[in-house]
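> Spelled out, the chains give:
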Amino acid sequence: MRELSLNVLDIAQNSIAAGATLTEITVEEDTAADRIVLTVRDNGRGMTPEQVRKVSDPFYTTRTTRKVGMGIPLFRMAAEMAGGGLSIESVPGKGTAVTATFVRSHIDRMPLGDITGTVVALIRMNPDRDFRYVRKWNGREFAVDTRELREILGDVPLDTPEVADWIDAYIKEQTEAILAPSSGEGPEDVPGN
Amino acid sequence: MKTLAELQAIRDRAREKMTVRGDHENAVRVVVGMATCGIAAGARPVLNAFVDEVAKRHLDNVTVGQTGCIGMCQFEPIVEITMPGKEKVTYGKVTPEKVARIVADHVVNGNPVVEYTIGELMK
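Top line first, the protein sequences correspond to chains P and X.
Note that this note's numbering has the first sequence beginning at 1, numbered continuously upward.
Note that this note's numbering has the second sequence beginning at 1, numbered continuously upward.
Read the hints as simulated data drawn from the structure, not as lab findings.
There could be a bad hint or two in this list.
List of simulated lysine to any residue pairs, SDA-like, C-alpha gap at most 20 Å [what the hints assert, rightly or not]: (1) K172(P) x K2(X); (2) K93(X) x R2(P); (3) K172(P) x D52(X); (4) K56(X) x D165(P); (5) K2(X) x E151(P); (6) K17(X) x D145(P); (7) K2(X) x D145(P); (8) K2(X) x Q174(P); (9) K172(P) x L7(X); (10) K172(P) x P45(X); (11) K2(X) x R2(P); (12) K136(P) x E162(P); (13) K172(P) x L112(P); (14) K2(X) x V134(P); (15) K172(P) x E141(P); (16) K93(X) x P112(X); (17) K56(X) x I118(X); (18) K2(X) x T175(P); (19) K2(X) x E141(P); (20) K86(X) x D52(X); (21) K2(X) x I152(P); (22) K172(P) x K86(X); (23) K98(X) x G117(P); (24) K17(X) x V134(P); (25) K17(X) x L112(P); (26) K2(X) x T116(P); (27) K172(P) x T3(X); (28) K2(X) x R132(P); (29) K56(X) x D168(P); (30) K56(X) x E162(P); (31) K17(X) x I152(P); (32) K172(P) x E16(X); (33) K136(P) x R104(P); (34) K17(X) x L153(P); (35) K17(X) x E162(P); (36) K2(X) x L153(P); (37) K93(X) x M1(P); (38) K56(X) x W166(P); (39) K2(X) x D168(P).
All chains should be modelled from the sequences, with the hints used to inform the complete structure.
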């Protein structure tokens, strides 16, 4: 994976496969604490403690088509090589939360990448499921929740092209607004930052 | 700024269009592999490029979907296109740049882009 947002997409696909009707993605950056925390939380079928223990092993998968499952191991590797770590909380029948932490300034921390693209792709491909995306930056935050958008849209599906475009533009604008360099610090990946 | 009022206007326009939409005899299905291997190889921008191209051309008969790993990870991003009465065509190593031509030649005009297919990549 070249961007953390692709790991997030991959982990969220596990939530979809676990039958989640609601998946929450949180991206939290704190420059003072020099930390990034990424969380994917779902209300899917969950895992037993035994399964939680095994998912970091690339040679464990619930799939029957192949014998390897690389999603969690790759995400864990990305976190650990950037001075952080990965934890999984899961309750069978209730859901799973995967949390990865990163030292923001670590030389081996991959860029966050196009997280908006990840959220929009998930919504477009799963219009019958709900997603909540929360972006936090140094104490400021915004959230977009498809359950709230659905109240406005009524019977118009979330994957209608104009709707998906609106969500894409909305997330980008809201992100820029909370990243506004009032503190004198720009968003990540800006040259000189 | 994007406002919720704008979203309401989009809803109202979409409702008008929905009434003229119906089932299509020419239903075309585009499926992008979105397992770990596909995502790592660049499936997300390919998927979004297909959705954008289909929307831009107002191809109401085309649906874009996703699938898991089909066991040919070395050829990801993989895209399968199914058209009624025709054999499924599988493209490999698809990039966003290839999407416009696949939609124009194959989805719209029914001529698969042979040079982008998995069969051709394996030669």
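> Tell me if the straight-line CA distance from K17(X) to L112(P) falls inside 20 Å.
37 Å, violated
> Is K172(P) close enough to K2(X), meaning Cα to Cα at most 20 Å?
10 Å, holds
> Between K2(X) and D145(P), does the CA-CA distance stay at or below 20 Å?
15 Å, holds
> Is K2(X) close enough to I152(P), meaning Cα to Cα at most 20 Å?
It holds: about 14 Å lies between the C-alpha atoms, which stays within 20 Å.
> Sort out whether V134(P) lies within 20 Å of K2(X), counting only the CA atoms.
17 Å, holds
> Regarding the pair K17(X) and V134(P), is the alpha-carbon distance no greater than 20 Å?
Answer violated: K17(X) to V134(P) is near 32 Å, above 20 Å.
> Between the alpha carbons of K2(X) and R132(P), is the straight-line distance 20 Å or under?
18 Å, holds
> Given the hint that K172(P) pairs with T3(X), does the C-alpha gap stay at or below 20 Å?
13 Å, holds
> Is it true that the CA of K17(X) sits at most 20 Å from the CA of I152(P)?
Status holds; Cα separation ~17 Å.
> Please work out if K2(X) and E151(P) have their alpha carbons no farther apart than 20 Å.
Answer holds: K2(X) to E151(P) is near 17 Å, not above 20 Å.
> Keeping to a limit of 20 Å between CA atoms, is the pair of K98(X) and G117(P) held or broken?
19 Å, holds
> Are K2(X) and T175(P) close enough, with their CA atoms no more than 20 Å apart?
Holds, at about 12 Å.
The structure shown violates the earlier hints numbered 6, 11, 12, 17, 20, 22, 24, 25, 32.
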